[in-house]
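Undergrad: Each chain, written out:
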Amino acid sequence: MEFPEEELLAPGHRGCAGCGVAIAVRLALKALGKNTVVACATGCLDVMTSPYPETAWEVPWIHVAFENAGAVASGVERALKTQGKEDVNVVAFGGDGGTADIGIQSLSGAMERGHNITYICYDNEAYMNTGIQRSGATPYGASTTTSPVGNLSFGEDKPKKNMAFIMAAHGIPYVATASISYPEDFMKKVKKAAETKGPAYIHLHQPCTTGWGFKPEHTIKLGRLAVETGAWGLFEIKNGEFRVTYRPQERKPVVEYLSAQKRFRHLKEEQINEIQEFVDNQCEELGI
Amino acid sequence: MAKEIMTTNRAVAEAVKLAKPQVVPVYPITPQTTISEYLAQFVADGDLDAEYIRVESEHSAISATLGASEAGVRVFTATSSQGLMLMHEILFAAAGMRAPIVMADANRAISAPLNIWNDQQDSIAQRDAGWIQLYVENAQEGFDTILQAYRIAEHEEVMLPVMVCLDGFILTHTVEPVDLLEQAEVDSFLEPYVPKFAYLDPERPMSLGNFADPTYYTEARHNMQVAMDKSMEVIKEVGAEFGERFGREYGLTESYLCDDAEIILVCMGSMASTVRYVVDQLREKGEKVGLLKIRSYRPFPFEEIDEIVKNADKLAVLDKNFSFGIGGALFADLKAKCHKETYGFILGLGGRDVIPEYIEEAVELTKNPVKEVTWLGLKEDE
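These protein sequence lines map, in sequence, to chains A and B. Going by the numbering used here, the residue at position 98 of the first sequence is 99; the numbering climbs one at a time, nothing skipped. Going by the numbering used here, the residue at position 49 of the second sequence is 50; the numbering climbs one at a time, nothing skipped.
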């Protein structure tokens, strides 16, 4: 597939070394090209890329608030339509908190109304911008600053909210999961989403060096481990047709993924077994 | 054009149709709802060529309105009460991003207790959001003010959103004769909106709504203050031009028999009609009273007010809102800015009628004051 050299997210932004969302946006914009307008929820992405009077964005970009990227993108899309600019890709980026928690209402409204927009959730599995607090997308067993390990706690005690299926339940034409560690798969999905007439949603798994506790040079490796162990599955649902887009040849034990991160390091064998069982069931359900 | 009989909501919707916004995201709420219904019908009938977005909340109504405005088109939305409260956060963002949005607010009380009737606490609670707030007295003013609001908001030295405040039910659901304008007349007064500064266009990529650290934040907010100050001149110019073209002149305030008045009654919105009636009654009895109607609450035109009230002895300020321990918001502003003996009266909360007797009582209590702030019509045993 085409892999343009031109960068539409300029270097010099304030992301952490090894930041996964910077990789995510670079890849997405390579797939989308210049004829794109981005609406961005408050979070790591807006703060690291838009410190006035600088900007890392080489495409038109708007940020309003934390919980309304879906609604802002709706307004942008309709305004462009009235100007005859229906060919412009309107893309919203939100983190897992801005998408699965505080932004789910405006996102649901935007999807249900059928706007011609692509919403990409960059899921780093907690509120990283404010200092690693638990979100609805934080996985079982993860220690965060608001679901900490303690004498009475092993960290987060609920499984991750399944946003891709929630979006699919809206009956929208295109839903996919992706990982920054599988760039070709991700970029193909972004292109499909942009080419879809109507709403499209991509839930992108994005390792976070700061929040998960691994070396900055291991960001891609962690994303791969999530997929190779089956902790994160890659699939798409196009016009209701479910399809797995990548199957590990042989699934690795989930402990390889968990033990590579500080947030899971406290887990005991019992919890690791529980997570393995959960992952096995998830893979069976997805057909991975 | 002959006068037509309609509610203020209908008059507002007719004005919006003539202003030709391209995107209208709106969510229904009593007593604003009929505005959203009329606009939906205009779009359904092809009388208004706009994208009507049926959003899932007021929060998304204002968010989509802001997104559309920043994408460079004229926009409109409307709300009331709890809906305005839900918009609160984004109202500040819209003003800070300098979006020339026009929104109608059907003034309604705030819960709890839940109440759908009129007072002005909802818009007063948004006082510091950075929106220009214009209060109207009747359906004609509602129609005329919406058209002027676009000229004010889109003025290149203003670029601030405008909230047009209509008293719920008293105006929104009461029919009155209204002089409508023809499309050609409106087109000659209000040109299509062409964004000049910041807007979303792939041909000219810009970042809007950036993060600003302490080095820049203060100046961004101060620029809004400068624009708000400038808007006073613009509101007057636009109101004067409207008068020249269509025979109905508007300004920041409207005064009635204030020149020789000893006591001036100050208020906003539909209450002005009742006060004008009481002023006439009291004048017949030889009492020197006058009415000062504040049309522009933000910006607050205190210099103009100072000039109008300079010969008066006392001010009696009538507020359909209150701030705990202070009194009404308009009362507090006048106390802070005008050097007059001033008394405040709270009335008309949650739809309680503002009857002439209350206004007369306010005059009496200003002549012979007992305390600085009085709640009129308060039932002590409830």
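One or more of the hints may lead you astray.
[Claimed, not checked] On the chain B side, residues computed to face chain A include the following (Cβ under 8 angstroms): (1) A72; (2) A94; (3) L181.
[Unchecked claim] Just the calculated beta-carbon pair ranges, DEER-fashion: (4) B/Y218 x A/V256: 45 to 53 angstroms; (5) B/T216 x A/E59: 52 to 60 angstroms; (6) B/K338 x A/Q84: 39 to 47 angstroms; (7) B/F93 x A/E59: 40 to 48 angstroms; (8) A/N240 x B/Q184: 37 to 45 angstroms; (9) A/M2 x B/Y218: 42 to 50 angstroms; (10) A/K198 x B/D48: 25 to 33 angstroms; (11) B/E204 x A/M2: 49 to 57 angstroms; (12) B/N116 x A/H267: 32 to 40 angstroms; (13) B/D50 x A/N36: 53 to 61 angstroms; (14) B/A337 x A/T147: 37 to 45 angstroms; (15) A/A170 x B/R249: 24 to 32 angstroms; (16) A/S154 x B/L115: 38 to 46 angstroms.
[To be verified] For the chain A half of the interface with chain B, some residues (derived, Cβ under 7 angstroms), not all of them: (17) S51; (18) Y53; (19) V65; (20) A66; (21) N69; (22) A80; (23) I105; (24) E196; (25) G199.
Since the hints were derived computationally from the structure, they do not count as laboratory data. Note that the structure is predicted; figures quoted are calculated from it, not measured. Every residue, glycine too, gets a C-beta built ideally from N, C-alpha and C.
Undergrad: If a hint holds in the structure, say so; if it does not, say that too.
TA: Hints, one by one, checked against the model:
Nearest Cβ of chain A to the Cβ of B/A72: about 3 angstroms, under the 8 angstroms cut. The hint holds. For B/A94, the interface hint holds, the least distance from its beta-carbon to any beta-carbon of chain A being 5 angstroms, beneath 8 angstroms. For B/L181, the interface hint is violated, since its Cβ never comes within 8 angstroms of a Cβ in chain A; the closest pair sits about 25 angstroms apart. For B/Y218 and A/V256, the Cβ-Cβ distance of about 47 angstroms falls inside the hinted range of 45 to 53 angstroms, so the restraint holds.
Distance hint check for B/T216 and A/E59: the Cβ-Cβ separation is about 24 angstroms, which falls outside the suggested range of 52 to 60 angstroms. Taking 39 to 47 angstroms as the suggested C-beta distance range, the pair B/K338 and A/Q84 conforms, at roughly 44 angstroms. A hinted range of 40 to 48 angstroms for the beta carbons of B/F93 and A/E59 is inconsistent with their spacing of about 29 angstroms. With their beta carbons about 44 angstroms apart, A/N240 and B/Q184 fall inside the hinted range of 37 to 45 angstroms.
With their beta carbons about 43 angstroms apart, A/M2 and B/Y218 fall inside the hinted range of 42 to 50 angstroms. A hinted range of 25 to 33 angstroms for the beta carbons of A/K198 and B/D48 is consistent with their spacing of about 28 angstroms. For the hinted restraint 49 to 57 angstroms between B/E204 and A/M2, the CB-CB distance of approximately 27 angstroms leaves it violated. Judged by the Cβ atoms, the range 32 to 40 angstroms given for B/N116 and A/H267 is violated: they are separated by roughly 52 angstroms.
For the pair B/D50 and A/N36, the supplied restraint of 53 to 61 angstroms is violated, since their beta-carbon distance comes to about 25 angstroms. Here the CB-CB span from B/A337 to A/T147 is close to 43 angstroms, well matched to the stated 37 to 45 angstroms. Roughly 53 angstroms separates the CB atoms of A/A170 and B/R249, a value that falls outside the hinted 24 to 32 angstroms. Taking 38 to 46 angstroms as the suggested C-beta distance range, the pair A/S154 and B/L115 conforms, at roughly 40 angstroms.
Given hint, A/S51 at the interface with chain B, holds; its Cβ is 4 angstroms from that chain's nearest Cβ, closer than 7 angstroms. Hint status for A/Y53 relative to chain B: holds, with the closest Cβ pair at about 4 angstroms, below 7 angstroms. Interface hint status for A/V65: upheld, as the beta-carbon distance to the closest one in chain B is roughly 5 angstroms, under 7 angstroms. With 7 angstroms as the threshold, the beta carbon of A/A66 comes within range of chain B, its nearest partner Cβ sitting at about 6 angstroms, so the hint holds.
Satisfaction of the interface hint for A/N69 is found here, the shortest Cβ-Cβ separation to chain B being roughly 4 angstroms, below the 7 angstroms cut-off. Annotation: interface hint on A/A80 holds; nearest CB of chain B at approximately 3 angstroms, less than 7 angstroms. Interface hint status for A/I105: violated, as the beta-carbon distance to the closest one in chain B is roughly 11 angstroms, over 7 angstroms. Violation of the interface hint for A/E196 is found here, the shortest Cβ-Cβ separation to chain B being roughly 17 angstroms, above the 7 angstroms cut-off.
At about 15 angstroms, the closest approach between the beta carbon of A/G199 and any beta carbon in chain B exceeds 7 angstroms, and the interface hint on this residue is violated.
Violation of the numbered hints given earlier is confined to hints 3, 5, 7, 11, 12, 13, 15, 23, 24 and 25; the remaining hints are satisfied by the structure.
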